[in-house]
Amino acid sequence: MSEKNLSEKLFKPKSKLKQTETSVLVTYSVPKTHLLKHSSTFEGTSYVSWYRMINRLIWIWRGNDGLEIEAVLSRIAANNRVRSCEDLLDTVIGYQPGNWAYEWSQQAMAWQKKALELPTKIAASQAWLRAANLYSIAAYPHLKGDHLAEQAVLLANKAYENAAQLTDFRLKKISFKIEDGKKELIGFLHLPDTNQGPYPTILVCGTLDSLQLDYYRLFSQYLAPQGFAMLTLDMPSIGYSIKYKLSQDTSALHQQVLNQLANIPWIDHTRIGVIGLRFGANIALRLAYLEPKCLKGVAVLGPIVHSLFNEQKYQDQIPVMNIDIFASRLGFYQVDEAVLRSELSCYSLKKQGLLGRRCPVPFMVVNWQNDVFSPKEDALLIVRSSIDGKLLTLPAKPLYQNFHQSLSAVVSWLKSKID
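Okay, so the sequence shown: first residue is 1 according to this note's numbering, each after it adds one.
Just so you know, not all the hints are guaranteed correct.
As the list claims (entries may be wrong) - Lysine-lysine pairs mimicking DSBU-like chemistry, simulated, CA-CA at most 35 Å apart:
1) 114 with 296
2) 350 with 182
3) 245 with 350
4) 245 with 376
5) 293 with 183
Simulated from the structure, these hints should not be mistaken for laboratory data.
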């Protein structure tokens, strides 16, 4: 089946099924109001007229064109079709012009078509990668039960695999056994083009609103030049991990994978490091406490490990979409805020009795000033919990420059610990 036909089949309208619009998948006993504006490095910017955070920095960093992003957002904003909430531009119901998944998928299909027509492998690979990135945005923020998003994820993964086939890097799609072999989990192992394996490997624990394919640039521009392989997994309830609900044992899936790395011939399982971004830092740090002999170092960026889970003053400052993400990952779809707050408090690594205890694994923490999701107190707690802790504090702006600086510093630090 051609890529075009696959896209048409997946997104073919179903007359008997009315698609549930993304913003109404999670409901609250007391309706939440949308904040006027919030900005952060990882989440982007919230606007009163949009349900989703508009994450230009990360989308451009992944390889998307800024003008292309604005063009898609403009098409969504200008459309006058029925919305689930008339005050929110990105809530057009059903797979049709103006709908978030529709507009981003149409843009992805255009790149998909270009990829099939371009004469060189390099150009075709870049086009497939652009298509994968755009399909990923079409599925954003990856709420469970969003059928249009799930279809976009299928196309994103297919486009990503097509891109990988045309690059100098090698991509291995690896099946890991989970829960005593009863289930499986798919991870992407990215290998440098040096042919000098087995390779020191970085396990990446991503954010709750991203797919594992979203970290290709972390590999190609930061890890591969240093000789690292990169192993990625989808977070619980997303992508290839969609069948797994997030639990208080946040590192359960990653820990089972970590214990199987000795069986992967391309990986030097004696030289493993971990990068954790946002909630992924929660997983990364848990791994350090539970499997200290397996890891040479853990680097976390904007870690969500305690304060946001434990203090209402921080929870009250984050946008509705981000609360929806937490609720969706936990399997909450009709939310009583008191119950959700109580559940979130159990995800604090300090309350779990981990952070605050001395850990033999070296930690590096990147903290951005005035970060509501990750206050500096959390960063200091992490640094003090390691026998070898390092803190890098960066101003909130300039966004792109500081994000690049943080990744460069993290990879350099990991290399010093693993080599």
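Quick rundown of the hints versus the structure:
1. At roughly 43 Å between alpha-carbon atoms, residue 114 and residue 296 are farther apart than 35 Å, so this suggested pair is violated.
2. Under the criterion of a C-alpha separation no larger than 35 Å, the hint pairing residue 350 with residue 182 is consistent with the structure, at around 32 Å.
3. For a cut-off of 35 Å, the pair hint linking residue 245 to residue 350 stands: about 22 Å separates their Cα positions.
4. For the hint linking residue 245 to residue 376, the alpha-carbon distance of about 29 Å falls within 35 Å, and the restraint holds.
5. The hinted pair formed by residue 293 and residue 183 meets the criterion: a straight-line CA distance of about 26 Å does not exceed 35 Å.
Figure legend: structure checked against the earlier numbered hints; the only hint not met is number 1.
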